[in-house]
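Here the protein sequences come in this chain order: A and B. Anchor point for the first sequence: position 50 equals 50 in full-length UniProt numbering, and the numbering is continuous, going up by one each time. Anchor point for the second sequence: position 53 equals 53 in full-length UniProt numbering, and the numbering is continuous, going up by one each time.
Check before you lean on any hint, since a few could be wrong.
[As the list claims (entries may be wrong)] Simulated pairs of lysine-lysine, DSS-like, Cα-Cα distance not exceeding 27 Å:
1) B:111 / B:429
2) B:343 / A:129
3) A:343 / A:129
4) A:366 / B:129
5) A:266 / B:221
6) A:366 / A:392
7) B:359 / A:129
8) A:111 / B:129
9) A:429 / A:383
10) B:266 / A:221
11) B:366 / B:464
12) A:359 / A:383
13) B:464 / A:221
14) A:129 / B:111
If you're looking for bench data, these hints aren't it; they were derived computationally from the structure. If you're wondering where the values come from, they're calculated on a predicted model, not measured in any experiment.
Number of protein chains: 2
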Amino acid sequence: MQFMESRQCLQKPSNPFAEPKRCLNCSCRHIRTAHFVVSILLSIHNGGSRLGSLRNKAGSSKVQVKPKNLVKVEMPSATQEINVNETTGSLAMSVDSVINLDRGDPKVYEKFWLENGAAAAVEIPGWQKISYFSDLTNLCWFLEPDFAAEIRRLHRLVGNAVADHGRHIVVGTGSSQLFLASLFALSTAPEVAVACNGRPVPVVSSAPYFSYYPAATDLLKSGLFRWEGDACSFHAGSTPYIEVVCSPRNPDGSARTAIVKSCNGKLIHDLAYYWPQYTAITGAMDEDIMLFTVSKCTGHAGTRLGWALVKDAEVARRMTKFIEVNTIGVSKDSQYRAVRILKAVCDGYELEGAGESAKLFHFGRKVMARRWEKLREVLAANKVFGLMEFKKLHCEFMGKETLPLPAFAWLECGRDIEDCESFLRQKHKVLTRGGKDFGADGKHARVSMLGRDEDFDMFIQRLKAIRL
Amino acid sequence: MQFMESRQCLQKPSNPFAEPKRCLNCSCRHIRTAHFVVSILLSIHNGGSRLGSLRNKAGSSKVQVKPKNLVKVEMPSATQEINVNETTGSLAMSVDSVINLDRGDPKVYEKFWLENGAAAAVEIPGWQKISYFSDLTNLCWFLEPDFAAEIRRLHRLVGNAVADHGRHIVVGTGSSQLFLASLFALSTAPEVAVACNGRPVPVVSSAPYFSYYPAATDLLKSGLFRWEGDACSFHAGSTPYIEVVCSPRNPDGSARTAIVKSCNGKLIHDLAYYWPQYTAITGAMDEDIMLFTVSKCTGHAGTRLGWALVKDAEVARRMTKFIEVNTIGVSKDSQYRAVRILKAVCDGYELEGAGESAKLFHFGRKVMARRWEKLREVLAANKVFGLMEFKKLHCEFMGKETLPLPAFAWLECGRDIEDCESFLRQKHKVLTRGGKDFGADGKHARVSMLGRDEDFDMFIQRLKAIRL
Chain A
1 MQFMESRQCL
11 QKPSNPFAEP
21 KRCLNCSCRH
31 IRTAHFVVSI
41 LLSIHNGGSR
51 LGSLRNKAGS
61 SKVQVKPKNL
71 VKVEMPSATQ
81 EINVNETTGS
91 LAMSVDSVIN
101 LDRGDPKVYE
111 KFWLENGAAA
121 AVEIPGWQKI
131 SYFSDLTNLC
141 WFLEPDFAAE
151 IRRLHRLVGN
161 AVADHGRHIV
171 VGTGSSQLFL
181 ASLFALSTAP
191 EVAVACNGRP
201 VPVVSSAPYF
211 SYYPAATDLL
221 KSGLFRWEGD
231 ACSFHAGSTP
241 YIEVVCSPRN
251 PDGSARTAIV
261 KSCNGKLIHD
271 LAYYWPQYTA
281 ITGAMDEDIM
291 LFTVSKCTGH
301 AGTRLGWALV
311 KDAEVARRMT
321 KFIEVNTIGV
331 SKDSQYRAVR
341 ILKAVCDGYE
351 LEGAGESAKL
361 FHFGRKVMAR
371 RWEKLREVLA
381 ANKVFGLMEF
391 KKLHCEFMGK
401 ETLPLPAFAW
411 LECGRDIEDC
421 ESFLRQKHKV
431 LTRGGKDFGA
441 DGKHARVSML
451 GRDEDFDMFI
461 QRLKAIRL
Chain B
1 MQFMESRQCL
11 QKPSNPFAEP
21 KRCLNCSCRH
31 IRTAHFVVSI
41 LLSIHNGGSR
51 LGSLRNKAGS
61 SKVQVKPKNL
71 VKVEMPSATQ
81 EINVNETTGS
91 LAMSVDSVIN
101 LDRGDPKVYE
111 KFWLENGAAA
121 AVEIPGWQKI
131 SYFSDLTNLC
141 WFLEPDFAAE
151 IRRLHRLVGN
161 AVADHGRHIV
171 VGTGSSQLFL
181 ASLFALSTAP
191 EVAVACNGRP
201 VPVVSSAPYF
211 SYYPAATDLL
221 KSGLFRWEGD
231 ACSFHAGSTP
241 YIEVVCSPRN
251 PDGSARTAIV
261 KSCNGKLIHD
271 LAYYWPQYTA
281 ITGAMDEDIM
291 LFTVSKCTGH
301 AGTRLGWALV
311 KDAEVARRMT
321 KFIEVNTIGV
331 SKDSQYRAVR
341 ILKAVCDGYE
351 LEGAGESAKL
361 FHFGRKVMAR
371 RWEKLREVLA
381 ANKVFGLMEF
391 KKLHCEFMGK
401 ETLPLPAFAW
411 LECGRDIEDC
421 ESFLRQKHKV
431 LTRGGKDFGA
441 DGKHARVSML
451 GRDEDFDMFI
461 QRLKAIRL
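With the rest of the complex left out, here is chain A:
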């Protein structure tokens, strides 16, 4: 895999408000970000928590949004009523609606699956999938063999990772569980345990890093591992550490490699977004631990499925052990369904006669390209926010040069706005995730580009209306 930037810490100062500064312990230039380990209860914001803080009245066709006290958010119009669909909790959009672009909920794919849903439909009779076990002959005994086969087929189709040649597959309840399983597996390796001598293994990632990493790492105050923050300011000594490499990176979409130069590091590659709709596939990744998730590949976040491709059998075995103790395996129903979903994706490219509309990654690129174009257009007009610029790279899957179209926009506020997230929430009723959750400064905010069309279009309307 080639990378767009050889100097990994460089976050391109594409907007005029950011000045590049020198990294503390590596030779590259970057925008220095606050090393900020957020508290667990505040770092993971969800729409429920945020929306829950809106006070409202129950009406005839309106249901009450219960207050959530963990994340206290004051809204300008605290007594407003919110229209909520009773069964799904999704909001009916209006010019006054709160737009939730905080979590990367991939509803953008709904349209594709409405058209191609029949191919991915699954029927499960009552007597099927009763047992805990999927395959006693496999190291990961709760991995459905058919799911493993479709995962390998998909990677062969896309060419984004080596999944054959003896690589082990470990399935997880989303790649979130696999992230924790990886931390467990790496920190309990015999040589690591000896070298750390009872101290938790430091875990780092280059900032801005995915806000989930610190929250998940420190949730239970584990004695095995501990969040240490930005990889750029981490001083590797003679003891082991774990570096998480997220590429393309959540939140900013940049391609990354490991930052810390040391022979004591263990790497986790989070490749959730290394799919052709988001970025150029420049080669098949072949790292020790590579994490993927169905959510960001096909859009089925509710299925809660991820998979890890793992080189070392002992690491895969310990990851399996973690999931065995954490949740005694992974939903078979989800795996059963995911078989059909991944099959539909592959068939869309490999079956003769499959039309253009059956090609998921092409659908994804088309929608994302339109959205990014609209976003850049409106930001160029109002001059309030800065955005990274990306270069085209040759995508082996698409067979041409393609521009990165990240799943999130990493906005940077200019002018006098110090807190981008508050500004968008309080003034414009747009929920985003603030930069500090990612180890960056408050001038940044992450905005999901994966919502439904109506959410995205409304967001663009709100941005258009901003006049400072």
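Starting from the known structure of chain A, arrange chain B on it as the hints suggest.
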């Protein structure tokens, strides 16, 4: 709920080899068991690990069982070949087969669902259940409203727990995840955190306790909570602790209440087996945190779904937060399917014209009664093992007196056998879980009563053949 024994530590010495001894810190009599916190990697045995240690050769219609190094088990016939179904990994039974009764894999229910499977069948089109969110208006935002409704309906039908009247439902990836979520929620309560002043909260349960509790509690060496072992030997001071009350208790099937007498305790009630097929429903439980699982209620272990009924909103909120960070919610596909499964169970009792064969709990009792009868018969004949005796109690659901028919048999070896688990495994190729994993002595072993008929019948044959 009434209990069979008012003296909670009394494990009835129904076999002649066990002498009752006095409990260390409570006034009741019980068989003293070793306080043994097992290591994680050894405490959770699964069929895969055990079977993996059998060396074998790949043949034309046989697949190789890969060696698992975590649990080293030497078998008498180490070069034997094993017939393994390639897709499910289940073993074709023969007089020489290894019988896996270690995990409580509830395949006993397959027969019921083969007959009633149509009522519980579910079809999921490709476009459904894409979002992370199930219901933004609910505290547990990833709980499907239809699933919550069927859970409440089921509890009203069975009368085993109060699920209405403002009780919160938190869904988990099996009750295993909910156990961890409960530990997190209780140990991070503001008053507990202050009282513990940075020290982990001790977690106890009366021995023999479910082997999962110590393994899960100590897996990540959490700074929030720590396994402390047998509740009977726990000295409650002035600081908080958590007691897990499992009733009917896994592994021995006895009904339990809390052991430790102190006002500083927080309780988790694990009621996985408080269903009419296993025990008399003597009343609706109404505890602070009550855990249930689909696995042991309907048999769908592969669905990996559990639920907690929680009184306090803040506790439920913190449990939700744990699951949010651990796995970002729970499979919607599983919940969608479970709606149909629980509906089929309730319909089997509530719909006019539903036949006898549609009554799950009656099916369960019938099969379990036959198995327990066979087991007691063969054990009475060979006089090698002891078993607890149970008393009949009035079951409000069945409307008559019923005998407990636990999901596990808690065997105690007599004579000169010091290690019941090894004896059954090495001499008779029956995989069970040894007493030490449960904080008891090696003379005990837990045997699943929930396997398929052929496994159970073969087990009975092996027991019959034992001559010492």
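Structure-based check of all given hints:
Taken as a hint, the residue 111 of chain B and residue 429 of chain B pair is honoured in the structure, with Cα atoms around 25 Å apart against an allowance of 27 Å. Annotation: proposed proximity of residue 343 of chain B to residue 129 of chain A holds, straight-line Cα distance about 18 Å (limit 27 Å). For the hint linking residue 343 of chain A to residue 129 of chain A, the alpha-carbon distance of about 19 Å falls within 27 Å, and the restraint holds. Taking the CA atoms of residue 366 of chain A and residue 129 of chain B, the gap is about 23 Å. The hint holds against a cut of 27 Å.
For the hint linking residue 266 of chain A to residue 221 of chain B, the alpha-carbon distance of about 20 Å falls within 27 Å, and the restraint holds. Proximity of residue 366 of chain A to residue 392 of chain A is assessed by CA-CA distance (about 16 Å); at most 27 Å being required, the pair is judged to hold. Only pairs whose Cα atoms come within 27 Å are accepted, and residue 359 of chain B paired with residue 129 of chain A is accepted, the gap being roughly 20 Å. Between residue 111 of chain A and residue 129 of chain B the alpha-carbon distance is near 13 Å, which keeps this suggested pair within the 27 Å criterion.
Distance check on the hinted pair: residue 429 of chain A and residue 383 of chain A sit about 19 Å apart at the alpha-carbon level, within 27 Å; holds. Distance hint between residue 266 of chain B and residue 221 of chain A is fulfilled; the C-alpha atoms sit about 20 Å from each other, no more than 27 Å. For the proposed pair residue 366 of chain B and residue 464 of chain B, the alpha carbon gap of about 22 Å is at most 27 Å, so the pair holds. Pair hint residue 359 of chain A plus residue 383 of chain A does not hold up; C-alpha atoms about 36 Å apart against a cutoff of 27 Å.
Taking the CA atoms of residue 464 of chain B and residue 221 of chain A, the gap is about 51 Å. The hint is violated against a cut of 27 Å. The straight-line distance between the Cα atoms of residue 129 of chain A and residue 111 of chain B is roughly 13 Å, inside the 27 Å bound, and the hint therefore holds.
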